[in-house]
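A.B. asks: This is what each chain is made of:
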Amino acid sequence: MIQTVEEFKTLVETVKATSGYKDPIAFGICRVDVSQLDNDKVLQATYPVINWKENFGSAAVFIDALSKCGVEIDNAQSEVSVNITYDFVKHAMDSFNPYLPEAMGDAHRNVQVIIQLFQLLLDDGMKEGEFRLVFLFEDAACVSVEATYLKLYALSLAKAELRSLNLNGAFGALPNVAWHGNTPIDLDYLRVNEIELKLRNEYPEIDFVDKFPRFLQHVIPADNTRILDASKVRFGAQIHAGTTVMPGASYINFNAGTTGSVMVEGRISSSAIVGAGSDVGGGASILGVLSGTDGNPISVGENTLLGANSTCGIPLGDACIIDAGLAVLEGTKFNISSDELSKINEVNPGHSISGNIFKGKDLSSLNGLHFRQDSLTGIMSVRRSTREIKLNADLH
Amino acid sequence: MIQTVEEFKTLVETVKATSGYKDPIAFGICRVDVSQLDNDKVLQATYPVINWKENFGSAAVFIDALSKCGVEIDNAQSEVSVNITYDFVKHAMDSFNPYLPEAMGDAHRNVQVIIQLFQLLLDDGMKEGEFRLVFLFEDAACVSVEATYLKLYALSLAKAELRSLNLNGAFGALPNVAWHGNTPIDLDYLRVNEIELKLRNEYPEIDFVDKFPRFLQHVIPADNTRILDASKVRFGAQIHAGTTVMPGASYINFNAGTTGSVMVEGRISSSAIVGAGSDVGGGASILGVLSGTDGNPISVGENTLLGANSTCGIPLGDACIIDAGLAVLEGTKFNISSDELSKINEVNPGHSISGNIFKGKDLSSLNGLHFRQDSLTGIMSVRRSTREIKLNADLH
Amino acid sequence: MIQTVEEFKTLVETVKATSGYKDPIAFGICRVDVSQLDNDKVLQATYPVINWKENFGSAAVFIDALSKCGVEIDNAQSEVSVNITYDFVKHAMDSFNPYLPEAMGDAHRNVQVIIQLFQLLLDDGMKEGEFRLVFLFEDAACVSVEATYLKLYALSLAKAELRSLNLNGAFGALPNVAWHGNTPIDLDYLRVNEIELKLRNEYPEIDFVDKFPRFLQHVIPADNTRILDASKVRFGAQIHAGTTVMPGASYINFNAGTTGSVMVEGRISSSAIVGAGSDVGGGASILGVLSGTDGNPISVGENTLLGANSTCGIPLGDACIIDAGLAVLEGTKFNISSDELSKINEVNPGHSISGNIFKGKDLSSLNGLHFRQDSLTGIMSVRRSTREIKLNADLH
Chain A
1 MIQTVEEFKT LVETVKATSG YKDPIAFGIC RVDVSQLDND KVLQATYPVI
51 NWKENFGSAA VFIDALSKCG VEIDNAQSEV SVNITYDFVK HAMDSFNPYL
101 PEAMGDAHRN VQVIIQLFQL LLDDGMKEGE FRLVFLFEDA ACVSVEATYL
151 KLYALSLAKA ELRSLNLNGA FGALPNVAWH GNTPIDLDYL RVNEIELKLR
201 NEYPEIDFVD KFPRFLQHVI PADNTRILDA SKVRFGAQIH AGTTVMPGAS
251 YINFNAGTTG SVMVEGRISS SAIVGAGSDV GGGASILGVL SGTDGNPISV
301 GENTLLGANS TCGIPLGDAC IIDAGLAVLE GTKFNISSDE LSKINEVNPG
351 HSISGNIFKG KDLSSLNGLH FRQDSLTGIM SVRRSTREIK LNADLH
Chain B
1 MIQTVEEFKT LVETVKATSG YKDPIAFGIC RVDVSQLDND KVLQATYPVI
51 NWKENFGSAA VFIDALSKCG VEIDNAQSEV SVNITYDFVK HAMDSFNPYL
101 PEAMGDAHRN VQVIIQLFQL LLDDGMKEGE FRLVFLFEDA ACVSVEATYL
151 KLYALSLAKA ELRSLNLNGA FGALPNVAWH GNTPIDLDYL RVNEIELKLR
201 NEYPEIDFVD KFPRFLQHVI PADNTRILDA SKVRFGAQIH AGTTVMPGAS
251 YINFNAGTTG SVMVEGRISS SAIVGAGSDV GGGASILGVL SGTDGNPISV
301 GENTLLGANS TCGIPLGDAC IIDAGLAVLE GTKFNISSDE LSKINEVNPG
351 HSISGNIFKG KDLSSLNGLH FRQDSLTGIM SVRRSTREIK LNADLH
Chain C
1 MIQTVEEFKT LVETVKATSG YKDPIAFGIC RVDVSQLDND KVLQATYPVI
51 NWKENFGSAA VFIDALSKCG VEIDNAQSEV SVNITYDFVK HAMDSFNPYL
101 PEAMGDAHRN VQVIIQLFQL LLDDGMKEGE FRLVFLFEDA ACVSVEATYL
151 KLYALSLAKA ELRSLNLNGA FGALPNVAWH GNTPIDLDYL RVNEIELKLR
201 NEYPEIDFVD KFPRFLQHVI PADNTRILDA SKVRFGAQIH AGTTVMPGAS
251 YINFNAGTTG SVMVEGRISS SAIVGAGSDV GGGASILGVL SGTDGNPISV
301 GENTLLGANS TCGIPLGDAC IIDAGLAVLE GTKFNISSDE LSKINEVNPG
351 HSISGNIFKG KDLSSLNGLH FRQDSLTGIM SVRRSTREIK LNADLH
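Residue numbers (the numbering used here), protein chains in the order written: chain A, 1 to 396; chain B, 1 to 396; chain C, 1 to 396.
Calculated directly from the structure, the hints in this document are not laboratory data.
Errors might be hidden in some of the hints.
Pairs count within a copy or across copies, as identical chains cannot be separated in the list.
Said to hold, decoys possible - For lysine-lysine, the following DSS-like pairs were computed, each having C-alpha atoms within a straight-line distance of at most 30 Å:
(1) 361 x 390
(2) 9 x 90
(3) 22 x 9
(4) 16 x 159
Full structure from sequences and hints, please.
C.D. replies: Structure follows, in structure tokens:
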């Protein structure tokens, strides 16, 4: 058993000096839910703590503990998932020994996981395969459920930037399941037992059917974040503190979200990002890459307003306004008077545009644009916006 | 007790040869939930198995078992609901005897129901009226809760085509109740017990208040179907395998739905039907017959796109596009150039239209239409659409 | 112990004659939920009964019972919240004695509360501070959770008119919490216990995160009211009998709602009110005062239709129509022909307008307006509406 911090450091250095040793990109210990019909089919992985390009000492301790249990992991694989045993936990406890007394609150979260696992094993024993140690050595396409969840956690906990991870294969890796609260249920289990469950009044309440869980099943939001309906934010979304998600027509998909306080009453589709102080109005739609656009992800800048029921199909800069009901797509043409054009160029140094008719695409990412339609002629135009959106401080 | 399949067949033939015997349109055994205040007020009927124009042998066995219990049903009524007794179950078991060993999985589902009921009665006894055998002899207006549910099951299980059933009287037949998970609660029960329930912290969580339950309370979707929020699909909707229902602004009412893989991010109102490969964009509205239209149900064809926040008030053919934000109603006028008109007529053999201004109504159900608005003039027009919508295979 | 109604009346008169006595605006007994980490942090207050400018005799009995327990309340404060003790309940029982036998159903609801509390105390004892007696002596800014809930109850139970109460400070008074069914959970509790809860598979299902609970957690709707998804109506909203709230894009915020049977498929933002017989179409947005408007609350009259995906930014009178997809904002300009203008003036006696171009603001609250856009020119105009909206009686 390691007795001092010095000894601990020496242990870590020794492990890391092992030939072929490699720091993982990410790692963590998760509890997995398996199919009610098949113990080998993982349906969900729940991580109390994830490590993302950090805490490499804990990773070394874990790899060492595995090794002491006779398990050598193959770090040439992009992802590795290993069943946790009592022996592994005991070895990790022994190595973390100097940190046990101070492992609480925000300190030594990996140590806390080991302590809790140890207590849990003493109390209840352990189903084989219920707890797993997962490493990511390369950001390659997703293969296992456990590694896919590790990436989704990194996004939702803002440890990785939106759009920065390789999520190819995620739809293939995650099984489609029925969700009863936090519990995933194999659809085949329902089929096999439908008659008995229904007659005995034990058919479970199904909240939704999807490959992804909901954000609030895995992530605790900041004190000033509000999500008025859990169904509105998919796990893998990133919700910055101060964001409010209303329950009307809003939705935030995975790998999409906010990077500051934002009022969300509309749709932030997959890969779309909205900046601080912006307001996605009731029913407003930001097109995503999964369906409806040609693959260019959309960023919306700061203090920008997407009016109620507007549609945003191009990236927007700061302090823009799309009027209620308007659709601004890549191919939509807009008039800009020479007067307004010079005002727009003024607030967009280095992005001078010229002409009087512009496609939406040509106006991508510019600041200070106000998209409008003249109701007496039907002509759509862009002017320099005359106000920045300010959110109501009470709501964020 | 029937010993052989031969004997079983003879029994069925004998029963069916009885004078006045009539095959039912549909039948099934359900468990009913009654009011917490009144045992005679049915709030919900849950069928583990329904039979729709099929399995007439099982119907004959059931009618025979009732008869042996002294219950003669009146098949001149459009619907019949009879309480199930221990004796009935025993008689049905005796008749199904040759099939008992092989009744599992998809085989002999009615026999499985009887076996489970028998076991349940042995285990727990039975509340009188908890289980009922329901027959539909005519597709007349709905009278009982049990028969209304039988029809809604037929629609949601795709045993009957959308719009093919007589649902008159459904709103009258179904009581409006508070739903706690799968359990309907009489609103009066809450009123009578409000003080006690609230003070004792036993007031139930109410998920919704409606006459209809949700689709996922009664139906197990296909493995490649996703419904990201159970509230979004009413029981009685039909959701074809491969359909994805997003949680933003979407909704699918009863007697409405999809007939192929469809991306649903908007509203499919009562009686509306959407074809394979189509995309109902974020916030798009298809008008329904219950409110807002003049009663013509809307079908949307295949590979058609309703853009984000568009409104569709006319039937559409295949490969159509309504641009984001546009409202296409029966009375909306559209310009069509002669060039585009001939292209449109080309893909709509047998539906030649002529002129240059068309009302939405005149364009009903045509293929290959692209509805758009010129943003530099405000003029709405229709062109031949230049692409078919293709869904992202990952999502369906 | 009070023996007769006469004695009861004398008691009340005596109490009310006390020097400095003041009738409260409102009062009630609530059960409070406190933080899982801090008994002094109130998260929610649940009232089985509230009194709003009524039942002053019961208030006097309660104040007298407190006094007999040695508790004198300071009615110079705008709100007072006092912990309930066994002695208080006993004294109140003694005073209510003549009414005990007839306290049931709708009769003597405050007496019923005392009886239930007494029974509950006998059965289970009482946690200090679990039950509180709350008085409102002035409609000042909200300070405590208990008093804020009392006001929200008054709105949701239609005991106070929408917009009639001082809700300043409500966002400050109410803590932001995670909701698990009807139970509020301190976000810090989740943080402190995340590791243990997740590893033990005891992490609670979080339905939403907000300062406000949902309407259906506290209020029992009328028999002909439907709310198809509890997330769609915030507590503090007022929902008139016969209103149907669909689960698509709809939402009703606190201090907003309906004053008659209304079909709600869109957003009724904070402070917005919709009148009897009106139809808020799928995805329609009524702008609210909290974000998006300049602070003028919007009322929509009777038998008015907001078309699918329309946006309403001005108050509307009766029998108006906004066509699907249209945005009617304060600054939107509309053409009105002289012919239509005289028809409009005819149905708006006392509100004669003149001219041929009008801003939305100038048309505020007029009856019989039909807002439309000519699809062949893009010009928006207003005509005299030619039909009143009639709701489908089946749906309300």
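A.B. asks: Next, verify each hint and record whether it holds.
C.D. replies: Hint check results:
no.	hint	in the structure
1	361 x 390	both (26 Å within a copy, 23 Å between copies)
2	9 x 90	within (19 Å within a copy, 66 Å between copies)
3	22 x 9	within (17 Å within a copy, 71 Å between copies)
4	16 x 159	within (24 Å within a copy, 63 Å between copies)
Of the numbered hints stated above, none is contradicted by the structure.
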